[in-house]
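*Asks:* Here are the chains, one letter per residue:
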Amino acid sequence: MVHQLSLVAEIPQPQYMLSVSTLAAITGMTPEDLSLHVVLLKPKFPFNPEIQAGKVNQIEQYRIRITSSFDSSSGTQQRAQAQAQLESQSIFEFNKNSNDLTSRKWTIQVSEIPSAGRRTVSSQNIYESTIVNTGAHNDLIGYLDELGYSLETEFWIKGVRFYHNDIIIEIYRIYVKSDNISTVIVPIGEKEQDLAKLYKLELLDKTGKFFVKCFVNVERQTGVESITKANKQLDLLKNELSGLIDLEIPDRIAMDSRVNSKIGISNYNISVRKK
Amino acid sequence: MVTAILLVEKALPNSITSFHDLLSNELPKTSGKWSFELKIYLNNKYSKPDNFNVQQVPNKYLVTLTTSYLPNKTISMINNTKAIMTSSYLSSNDEIDHFEKGCCNSTSLDPFDFIISNKFQNLWNLKQSIRGEGGNSYEITVNNLNINDPNIIQSLPKELIEEVNNTYDTFRIRTANCSLHGSFKGFLIEIEYIDKEEAKDKTSDYNEIQQFHIKINKIKELIKQYKFPNGKLCYNVLNEDKLDYISDLVQQYSEALQF
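Quick note, the sequences are listed as chains A and B, same order.
If you count the first sequence from 1, position 266 lands on 266 in our numbering, and the numbers rise without skipping.
If you count the second sequence from 1, position 51 lands on 51 in our numbering, and the numbers rise without skipping.
In short, the hints are calculated from the structure, not lab data.
A few of these clues could be false.
[As the list claims (entries may be wrong)] Under the rule of at most 27 Å between Cα atoms (straight-line distance), these lysine-lysine pairs were calculated in the DSS-like manner: (1) A:K42 <-> B:K127; (2) A:K206 <-> B:K101; (3) B:K101 <-> A:K213; (4) A:K238 <-> B:K60; (5) B:K185 <-> A:K213; (6) A:K42 <-> B:K101; (7) A:K42 <-> B:K73; (8) A:K200 <-> B:K101; (9) A:K197 <-> B:K101; (10) A:K44 <-> B:K10; (11) B:K101 <-> A:K229; (12) B:K48 <-> A:K42; (13) B:K10 <-> B:K185; (14) A:K44 <-> B:K127; (15) A:K44 <-> B:K119; (16) A:K42 <-> B:K119; (17) B:K196 <-> B:K33; (18) B:K185 <-> B:K196; (19) A:K44 <-> B:K48; (20) B:K60 <-> B:K45; (21) A:K42 <-> B:K60; (22) B:K101 <-> A:K209; (23) B:K158 <-> B:K196; (24) B:K45 <-> A:K42; (25) B:K29 <-> B:K48; (26) A:K44 <-> B:K45; (27) B:K119 <-> B:K48; (28) A:K213 <-> A:K200; (29) B:K101 <-> B:K73; (30) B:K101 <-> A:K232; (31) A:K213 <-> A:K229.
Just need the whole structure built from these sequences, with the hints factored in.
*Replies:* Structure (structure tokens):
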């Protein structure tokens, strides 16, 4: 489990180049590429435990998230700003024979709701494990289905990353698949091949604004000193960037991955287009 | 890699020592202690379609296998159908690359069974936890394990049988005393057929299934000729169309350790 401390911001598209140059100057590095394919899954069935007097029932139903990197073949910040034409296969067309989805590594992730209370940064526990082998059937989605999860939605993250002390700074935009498809021939094995659909990706937010996420991962929640240090680092960065990038605490309710959550809006709907 | 699990249920905690003496006659290479843990989860019946009663929900099992010889890895299998292996410590180049690209937050992650026990309680409840320890890992090379099973001889090409008879075969053998919540449940022997180096191996011309039958028969001959204790031998595979080391291993452990 990592304990993640974070601050977020949004910047309008025209401010992107200035922000990247500023961060390059502060961090002393050229940004690294960030190209992620993120899939959200939710429990297949509702969970309605028997309510018994005196029995405390605090079992939560979490969504899970699986993440892999995808080939966006455009690493530069200029390309990220100019709307790079991104393409990807869809997880909803996952099949064990097809494509680059099965050959990728995926990390499975469960996030708790961020801690409540007055804080200067958001703090959240994240559980992760990386799938390194998908077995005799090479069927990750089939396994997750047996586990009790069905696909909910997918999106793509495209942007850049900086490192500053212990802080990871990501500036990115979120993409979803469009109806625009091109078909490609994908080799399956040495001899066989298959047709796979490549979806052109389009911006989720049409104004082209970027998201900024600054975070520090602390290995153990008990590391009080590391948490204090991370808090200080984030606070310093916030002051340094203020005026250009106004970092703030993300909305805790929007960060709640639980199904039928009792706080905020029930069944908070992640507003990315569904299948 | 073809594996099989022999579970000796009518055993005593000291059977493992007698077996050690038996194997020592064959001058094995020993490579030290090892251990495993098999966890069995039952589906939580309260996660169900709305139109089902709790009683109508069929039993499903999820098993996880962790072994000391696959450090930081968890193999899991659901209902004898699908298996995956997860890593809680990223160390190989492509694993580090996955981390550096931002797909996960650390190289030091969580064991998957820990996530299941803590975050999927709405779906799975831990029923049994079987530990195996107290044994050793050996490697032995023996000769003249000839294929005697008439069915196998009949069904495979004659040249293949000739090729694999009167040769040396190497096996990795791991022994462990199994305990379920602290009480002794039997003596487990894991047997792995170690493939010959390819240059010397003419059997690679034959298909995977034919080779599988040969290797399983070699394991059976080993058990017979070297007078291994009697027990339940499990060598089923998860997918008959495709052998897969981790999938078959977890399936065999799960079949052997049903108490």
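*Asks:* Enumerate the violated hints, using their earlier numbering and listing them in ascending order.
*Replies:* Hints 4, 5, 10, 18 and 25 contradicted; others consistent.
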